[in-house]
Amino acid sequence: MAAVDDLQFEEFGDAATALAANPDGSTISIEDADETPKHQPGPPRGAGREEDDELLGNDDSDKTELLAGQKKSSPFWTFEYYQTFFDVDTHQVFDRIKGSLLPIPGRNFVRLYIRSNPDLYGPFWICATLVFAIAISGNLSNFLIHLGEKTYHYVPEFRKVSIAATVIYSYAWLVPLALWGFLLWRNSKVMNIVSYSFLEIVCVYGYSLFIYIPTAILWIIPQKAVRWILVLIALGVSGSVLAMTFWPAVREDNRRIALATVVTIVLLHMLLSVGCLAYFFDAPEMDHLPTATATPNQTMAAAKSS
Amino acid sequence: MAEAAQSPGDPGTSPKPLFAGLSEIAISRDIPIEGEITIPVRSRIREFDNSTLNESVRNTIMRDLKSVGKKFMHVLYPRKSSTLLRDWDLWGPLILCVALALMLQRGSADNEKDGGPQFAEVFVIVWFGAVTITLNSKLLGGNISFFQSLCVLGYCILPLTVAMLICRLVLLAEQGPINFMVRLFVVIVMFAWSVIASTAFLADSQPPNRRALAVYPVFLFYFVISWMILTFTP
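So the sequences go chain by chain: A and B. The UniProt record's numbering puts the first residue of the first sequence at 1, with every later residue one more than the last. The UniProt record's numbering puts the first residue of the second sequence at 1, with every later residue one more than the last.
What the hints contain is simulated information worked out from the structure, not anything from laboratory work. The beta carbon of each residue, even a glycine, is placed where N, CA and C say it ideally should be. Each hint should be verified, as a subset may be incorrect.
Coverage of chain B stretches by chain A, computed from C-beta distances (three or more under 8 Å per stretch; other residues unrestricted) [said to hold, decoys possible]:
hint, region
1, 116-128
2, 133-145
3, 192-201
4, 212-218
Some residues of chain B that are not near chain A, with every Cβ distance over 12 Å (derived) [what the hints assert, rightly or not]:
hint, residue
5, F19
6, N59
7, R106
8, I166
9, F185
10, D204
11, L230
12, F232
Not close to chain A: a few residues of chain B, all C-beta gaps over 10 Å, as computed [what the hints assert, rightly or not]:
hint, residue
13, V57
14, M62
15, H74
16, L76
17, P78
18, W91
19, Q105
20, L172
Bound-form chain B, shown alone (with noise of 0.2 Å):
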C-alpha cells in the first residue's frame, strides 16, 4: 500500500489512474500475518457426551431409582427440605398408583357390577383428583409449579400404599371385628401420616389466609383413597 500510496504524491508526474499499482503487490509475502488460531479440542465434548450416553444401563435405571427412594424417605420423614420440589419426577407416582391400583383388585369376578373400584377407576381417581388439587392450588394463587404439585401429591399416596399392604396381610388371618379394627387404626395412621406430608410441602407456597382453603382438597383426596383401602374385600 505505501508504493500506491507514493506515486500519486509524487509532483510534477502526469496523473495516473488510482490504485494503478496495486495489482503488483504481493500481500502474502510482503505482508506478515501474525496471530494464532486455535482449534477447539473435539476429543473433550465426544468424552461429555459418553459419560450420560454410553454408560450402562443398569446406571441410568439405578440414578433414577436412588431419585426415587429419597423422596421416598423425605415423605415418609417429613421435614421442610425442597428436593421434593427441586428435581420433581413423575416415576413415583406412578410406581404408588400402580401399586395400588393392583392391590385393590379383588379376585372375584361375580360381584363386578357393585363391587370395589376398577384398575382404570382407581388410576383416574388417583391422577384426576391430583390434577384437580393442582389446578385448584393455583388458582388460588399459589406460587407452586403444575409438575412439582403432581409430584408431591403423588409421592404421599406413599404411606396410604403401605396401608394398604398392610390391610391385605391382615385379611389372610382369620376376619372379624378386631380384624376390621385393626385395619381401621392402620387406615387412620397412614391417613394423618398421609395429609400432614403433603401439607408440609404444599402448605408453604400459599399464601397465609387462603392456606386452608387449599389444604381441604388434599383431606378430602386422601380421605376419599383411605375410604377405597378400608372398604376392601376381597
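Okay, chain A solo, but in the shape it has when bound (with noise of 0.2 Å):
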C-alpha cells in the first residue's frame, strides 16, 4: 500500500491516504487543533479545510489540497518556516485589497482569496502604513484647522506615533487570537462546518484595515460632517467583509450566540476607526472661529512658526 501512495499525485489523494504516506505532514485533522501551540496555527488546520470544502462540493478542493500537502513541513525554529507565511506574489496581494474593499453578499473572503494561503505580508504592512498615515494625517489636519491663530505654534508630536502603533497592532493581533480562541472554543460545543486557523484570521483583519487608509487621509479635511460619512462608509465596507467572513462560522450555533459575536465584531472595528477619529484628529468646528477673522499679518505670523 506504501509503494501505491508513493507513485499517487498529491491532488488524486484524499486525506487519509496522504496520512497514511505522510504521517506528520499537514494533513492532521481537526481533533489536533486543540493541542496545537499557538504559534503552529498553519498546519494542522489544512486537513480539516478538505473535509470542509468535500462536505461543500467546492470545486476548489483540489487545489486546496494541492495546496496544503505542499507547504509548511519545516519545524517552527527555521527560517523557512516563517517564509511560507511571506508566499504571495504581487497580484495575490493586490486581488486580497481589492476583495476587502468591495465586499459581495455571498462571496467569503477567506475562501475566495486567501484559500489556505494566508500571508503576513499584508496585515504587518498594512497596519505599518495605517499607523503613519494617522499620525501624519492628523498631524496636517490639526496643523491646518490651528493655521490662523496667533497662540498656535506647531509642533510635530512625535509621540502620537508609538501611540497609533501600539493601539492598531495590538487590534490587528489580540483581537483576532481572541475571536479565535471563542472559535475554538465554541467548535468544541457545536460542530461547525467552517472552521478559521488563527493566521487566517488575522489576515481578514488586516486586510479589512486597508479601507481605513485613504479614510484617515481624507480625515484631513475639516469638516465634521465629511468626517463622519467617512466614518459610515468604511465601517460599511470593512465591518460587511468581516461580518461575512464570520457569519459561516458561527450560524451553526445558538442564533443569539451567533448574532453576538457578529454584533461584537463590528461594534469592536467601530470603537477602533471612531477612537482614532477622537483621539489623532482635534475637532474642527470650535476651532475653526477664529481663523475667520484672522488678518492676512496673523496668517503670516502663524506660518512663520511652522
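Given two chains presented individually in distinct reference frames, assemble the corresponding complex, making use of the accompanying hints.
Below, the structure written as C-alpha cells:
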C-alpha cells in the first residue's frame, strides 16, 4: 500500500491516504487543533479545510489540497517556516486588497482570496502604513485647523506615532487571537462546518483595515459631517467584510450567540475608527471660528512659526 | 640489511636466531642518506604581517574612508554596479544616521513633550526600519544577504541627510510660505533620489513577481524619514 501511495500525485489522494504516506505532514485532522501551540497554527488546519471543501462541494478542493500538501513542513525554529507566510505574489496581494474593498454578499473573503495561503505581508505592512497615515494626517489636519491662530505653535507630535502603533498593532493581533480562541471554544461544543485558523483570521483583519488608509487621509478635511460620513462608509465596507467572513463560522451555533459574535466584531471595529478619529484629529468646528477673523498679517505670523 | 639477509640463506650452517646480526649494523655510515630539506623562509611571513599591522594609523583610516567615500559616489550616481553589495560596510550608514539624528535635534527644551523625534528615536527608526525591510525582503525570497541590504539602505539615506542640511540652512533665513515651498521641493527631490538609488540596488535581488512587494516598504521608510525632515522646526 505504501508503494501505491508513493506513486500517487498529491491532488488525487484524499486525506486518509495522504496521512498514511506522510504522518507528520499537513494532513492532521481537526482534533489535533486543540493541542497545537499558538505558534504553529498553520499545519493542523489543512485536513479540516479539505473535509469542509468536500462537504460543501467546493470545486476549489483539488487546489486547496494541493496547496495544503505542499507547504509548512519545516520546524518552527527554521527560517523556511516563516518564509511560508510570505509566499504571495504582487498580484495576489492586490487581489486580496481589492476583495477587502468590494464586499459582495455571499463571497467569503477567506474562501475566495486566501484559500489556505494566509500571508503575514498584508497585515503587517497595511498596519504599518495605517499607523503612519493616521499620525501624519492627524498632524496635518491639526496644523491646517489651527493655521490662523496667533497662540498656536506647530509641533510634529511624534509621540503619537508610538501610540498609534501600539493601538493598531494590538487591535490587529489581539482581537483575532480572542476571536480565534472563542471560535475554538464554540467549535468544541457545536460542530461547525467552517473553521478558520489563527493566521487566516489575522489575515482577514489585516486586509479589512486597508479601507482606513484612504479614510485617514480624507479625514484631513476639517468638516465634521464629512468625517462622520467617511467613518460610516469605512465601517460599512470593512464591517461587512468581517461579518460575511465570520457569519458562516458561527451560524450553526445558538442564534443569539452567533448574532452577538458578529455584532461584537463590528462594534470593536467601530470603536477603533471612532477612537482614532477622536484622539488624533482635533475637532474642527470649535477652533475654526477664530480663523475666520484672522487678518493676513496674523496668517503670516502663524506660518512663520511652522 | 644485506649481511643479515645472507646469514639465514647459507645452507649447512646451524640455524641462527633471526636478525642476529642486526645490532652490528651502523646505519649512519653504511647507508647513505640523500635528499633535501628546505625550511620556509620565516622572514617573508613576518613581512606580510607588517603590511597591515605595522602601517600607520593614517593609512588604515584613509583606506576605510576612501571605501566609504567611493560608496557615497555610487549612491549619488546610481549605476548598476556591485561595489555597494560586494564589500559592504556599516560605517557609512552609522555616520549618516548620527549626522541625521544630530541635525534633527531641537535647541529648545520647553516643548519636549510633544515635539520632534529625540536622538534615540531617530536611531531606532532608521536601524529597526532597515532591519524590518531586510527581513521582509529575505522572507519574500530575495537572495541578498542581511548586511548587504542594511548597507544599501543605510547608504541611500545620504540624499535625505543632504536635504536635512539644506533645510537647516534655509531655516536660518526668513520664514514664510516661500521658505516652506523651497524645503518641500528639496525634500521631495531627495526622497525620490533615495528611493530610486536604493531600488536600483535592491530590486534585482527579488524575483520579478514580487518586486513591488519588496520595494514598497523602502518607499514607506524613506517617506517617514522625509516627513521627519520636513516637519523639523527649530
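Going down the list of hints, with the structure as the test:
no.: 1; hint: 116-128; verdict: holds (count 3)
no.: 2; hint: 133-145; verdict: holds (count 5)
no.: 3; hint: 192-201; verdict: violated (count 0)
no.: 4; hint: 212-218; verdict: holds (count 4)
no.: 5; hint: F19; verdict: holds, 64 Å
no.: 6; hint: N59; verdict: holds, 40 Å
no.: 7; hint: R106; verdict: violated, 10 Å
no.: 8; hint: I166; verdict: holds, 18 Å
no.: 9; hint: F185; verdict: holds, 16 Å
no.: 10; hint: D204; verdict: holds, 16 Å
no.: 11; hint: L230; verdict: violated, 9 Å
no.: 12; hint: F232; verdict: violated, 8 Å
no.: 13; hint: V57; verdict: holds, 40 Å
no.: 14; hint: M62; verdict: holds, 39 Å
no.: 15; hint: H74; verdict: holds, 28 Å
no.: 16; hint: L76; verdict: holds, 27 Å
no.: 17; hint: P78; verdict: holds, 23 Å
no.: 18; hint: W91; verdict: holds, 28 Å
no.: 19; hint: Q105; verdict: holds, 13 Å
no.: 20; hint: L172; verdict: holds, 14 Å
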